[in-house]
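S.K.: Go ahead and model the full structure; you've got the sequences and the hints to work with.
The numbering of the sequence shown is the working numbering, which starts it at 69 and goes up by one.
Read the hints as simulated data drawn from the structure, not as lab findings. These numbers were taken from a predicted model, which means no experiment stands behind them. Possibly wrong hints are sitting among the right ones.
[To be verified] No farther apart than 25 angstroms at their CA atoms in a straight line, the calculated lysine to aspartate or glutamate pairs in the DMTMM-like style are these:
id	residue 1	residue 2
1	Lys321	Asp346
2	Lys613	Glu490
3	Lys396	Asp309
4	Lys461	Glu490
5	Lys177	Glu214
6	Lys550	Glu214
7	Lys287	Glu157
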Amino acid sequence: MVETNQPKMGTGSHFPEGKAENGEGNVNPSPFSALLARGVTEEALVEAQELARTNGAGMVELLLQKKVLPEPELLAALGEAYGLPFWEELPTDHIDTGFTALFAIQYLKKQKLIPLDTPQGFVVAVNDPSNFQAIDDLCRLLGLPERPVVLAPQDAILAAINLAYDLSRSTAKEFFQEMHDESTDSLLSEIEETGDLLDETSDAPIIKLVNLLLAGATKDRASDIHIEPYQASVKVRYRIDGILYDILSLPRKIQSPLVSRVKIMAKLNIAEKRLPQDGRIEIKVADRSVDIRVSTIPTAFGERVVLRLLDKTSSILQLADLGMDSRKVASFNRLIKSPYGIVLVTGPTGSGKTTTLYAALCTLNSPAVNIITIEDPIEYQIDGIGQIQVNPKIDLTFAQGLRSIVRQDPDVILVGEIRDRETAEIAIQSSLTGHLVFSTLHTNDAASAVTRLIDMGIEPFLVTSSVIAIIAQRLVRVLCPKCKTPYVPDDESLANLGIDKKLLDRHPLYRKQGCAACMNTGYRGRTAIFEILILDDPLKRLILKTSDANQINDEAVKRGMTNLLADGAKKVLEGTTTIEEVFRVTRILKREADLED
69 MVETNQPKMG
79 TGSHFPEGKA
89 ENGEGNVNPS
99 PFSALLARGV
109 TEEALVEAQE
119 LARTNGAGMV
129 ELLLQKKVLP
139 EPELLAALGE
149 AYGLPFWEEL
159 PTDHIDTGFT
169 ALFAIQYLKK
179 QKLIPLDTPQ
189 GFVVAVNDPS
199 NFQAIDDLCR
209 LLGLPERPVV
219 LAPQDAILAA
229 INLAYDLSRS
239 TAKEFFQEMH
249 DESTDSLLSE
259 IEETGDLLDE
269 TSDAPIIKLV
279 NLLLAGATKD
289 RASDIHIEPY
299 QASVKVRYRI
309 DGILYDILSL
319 PRKIQSPLVS
329 RVKIMAKLNI
339 AEKRLPQDGR
349 IEIKVADRSV
359 DIRVSTIPTA
369 FGERVVLRLL
379 DKTSSILQLA
389 DLGMDSRKVA
399 SFNRLIKSPY
409 GIVLVTGPTG
419 SGKTTTLYAA
429 LCTLNSPAVN
439 IITIEDPIEY
449 QIDGIGQIQV
459 NPKIDLTFAQ
469 GLRSIVRQDP
479 DVILVGEIRD
489 RETAEIAIQS
499 SLTGHLVFST
509 LHTNDAASAV
519 TRLIDMGIEP
529 FLVTSSVIAI
539 IAQRLVRVLC
549 PKCKTPYVPD
559 DESLANLGID
569 KKLLDRHPLY
579 RKQGCAACMN
589 TGYRGRTAIF
599 EILILDDPLK
609 RLILKTSDAN
619 QINDEAVKRG
629 MTNLLADGAK
639 KVLEGTTTIE
649 EVFRVTRILK
659 READLED
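M.R.: This is how it looks when you write it as structure tokens:
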């Protein structure tokens with residue numbers, strides 16, 4: 069927490085008495101002398117006061133719009149004039165959410181103020197110290213005999229408001245329990261009698277339930293929401309850090325209105341229940357913009373829905389943030405700066421391939437480089453890069469789009485996925501004619517990508533002429549730093565991972581524990597493990613002789629490639645993840661007891 073002054077917990081005397089303007093239209097030196105001293109003109113202040121009087125806007129808001137001073141400097145100056153401390157950051161580690169029951173979130177956001185319990189005592193953080201009426205109303209409703217006011221930036225106040233209401237929001241489970249206690253039976257009977265799906269989805273409890281499911285998923289960092297109907301119930305699960313967790317079990321009768329509400333939001337046909345459908349929803353949760361891809365399929369007990377959440381406000385990772393060590397980052401940097409060739413990233417669905425390719429594109433992105441992508445779907449929009457969305461309905465496939473891209477004078481091309489021989493052939497021809505091409509394949513390891521291309525019908529000599537590197541990756545969960553505990557694993561686990569027991573003296577290993585910070589899972593967040601297969605001359609000669617993935621992999625390891633298991637072992641020794649996580653993603657089986665989550 070940064071302060072420009074020591075906190076002064078005062079009363080109404082904090083606010084200067086008297087008018088800010090004299091009868092002749094000139095600004096009174098108090099309370100704006102501090103602004104005048106910092107170079108703000110008297111004309112700008114008079115104009116701001118006139119606007120404030122006519123349209124009701126706050127002085128601080130108007131002065132910020134006029135850009136008379138940067139916000140921290142403006143608030144520090146007003147703090148001096150009003151005798152108030154300025155806090156550039158607000159303490160929100162132990163935020164008290166009791167006030168959320170008294171005030172609507174829209175009111176506090178409009179007035180830009182929030183009550184906070186801080187180590188210095190109870191304060192009201194405001195952005196505009198002249199907003200006397202709102203401050204008085206808030207203090208009166210909270211029963212505060214004084215007005216302990218501090219000044220804070222707009223962004224800090226809005227972030228604290230969002231956090232407080234996010235923490236106070238009941239979960240979908242709590243809401244359904246309340247609904248069950250009060251009105252579920254009558255609600256269900258009404259839904260059962262109503263034949264019109266639109267009437268079902270307009271029911272407020274169902275709308276609130278869906279909203280809470282979406283808000284809860286965003287809060288819990290879930291990447292997917294699964295709504296699964298069964299014979300007697302509807303199960304709701306979140307996928308967090310790659311693992312599915314049961315969140316809620318609802319009565320079977322809730323399924324129809326719940327799915328219909330989601331389909332209405334995604335602009336899907338609610339009358340069609342026999343065919344799969346795909347749609348999109350855009351929502352805003354607090355200050356986060358979330359894009360949701362919706363997929364429905366018919367099952368024996370009704371429609372099953374999966375919602376994929378993409379947080380558009382999250383920043384794209386850089387190469388150094390992906391989980392590569394410095395040696396791999398240097399190697400990857402050299403590869404992506406090649407003038408031509410194909411770089412393939414392989415791995416199963418959800419292994420972070422697109423994130424790696426976006427990081428590579430952001431590294432290359434500059435006015436001197438023309439980058440064009442064709443994707444399905446476009447997950448993140450990047451300024452300076454032309455991105456094309458695949459649309460099979462109008463015959464805009466990867467292959468068709470790639471044919472057009474090469475006529476756009478590109479330097480770098482990203483093909484979202486090589487799915488067939490036609491796409492692979494055009495990608496190879498593009499690389500041979502002087503383009504750097506990035507793409508993905510679904511294979512288990514780097515060496516298998518060569519086998520896959522040859523199985524598609526690509527000649528081995530074309531593979532060796534065009535592909536410069538293949539990167540395989542997996543995502544492992546990161547141990548929660550607050551609750552991980554050291555331990556000594558059994559000899560079999562160490563042997564399977566290739567870790568010498570003598571290394572444990574210098575590198576203690578950790579296992580999961582579970583706490584409130586990680587939802588009692590023991591893990592928080594994910595990182596990637598990699599293997600980078602660079603096609604040098606000996607490997608190219610081997611590929612011309614055989615497409616056997618095992619032989620190619622063995623030769624690559626001999627030539628210095630660190631495979632997925634070895635990279636995972638390194639992250640275990642660093643205390644980043646666990647042995648069980650590496651075994652899980654590299655599909656090395658151990659005793660079931662050791663693999664239990």
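S.K.: For every hint, state whether the structure bears it out.
M.R.: Hints, verified against the model:
no., hint, verdict
1, Lys321 <-> Asp346, "holds, 23 angstroms"
2, Lys613 <-> Glu490, "holds, 24 angstroms"
3, Lys396 <-> Asp309, "holds, 24 angstroms"
4, Lys461 <-> Glu490, "holds, 18 angstroms"
5, Lys177 <-> Glu214, "holds, 22 angstroms"
6, Lys550 <-> Glu214, "violated, 38 angstroms"
7, Lys287 <-> Glu157, "holds, 22 angstroms"
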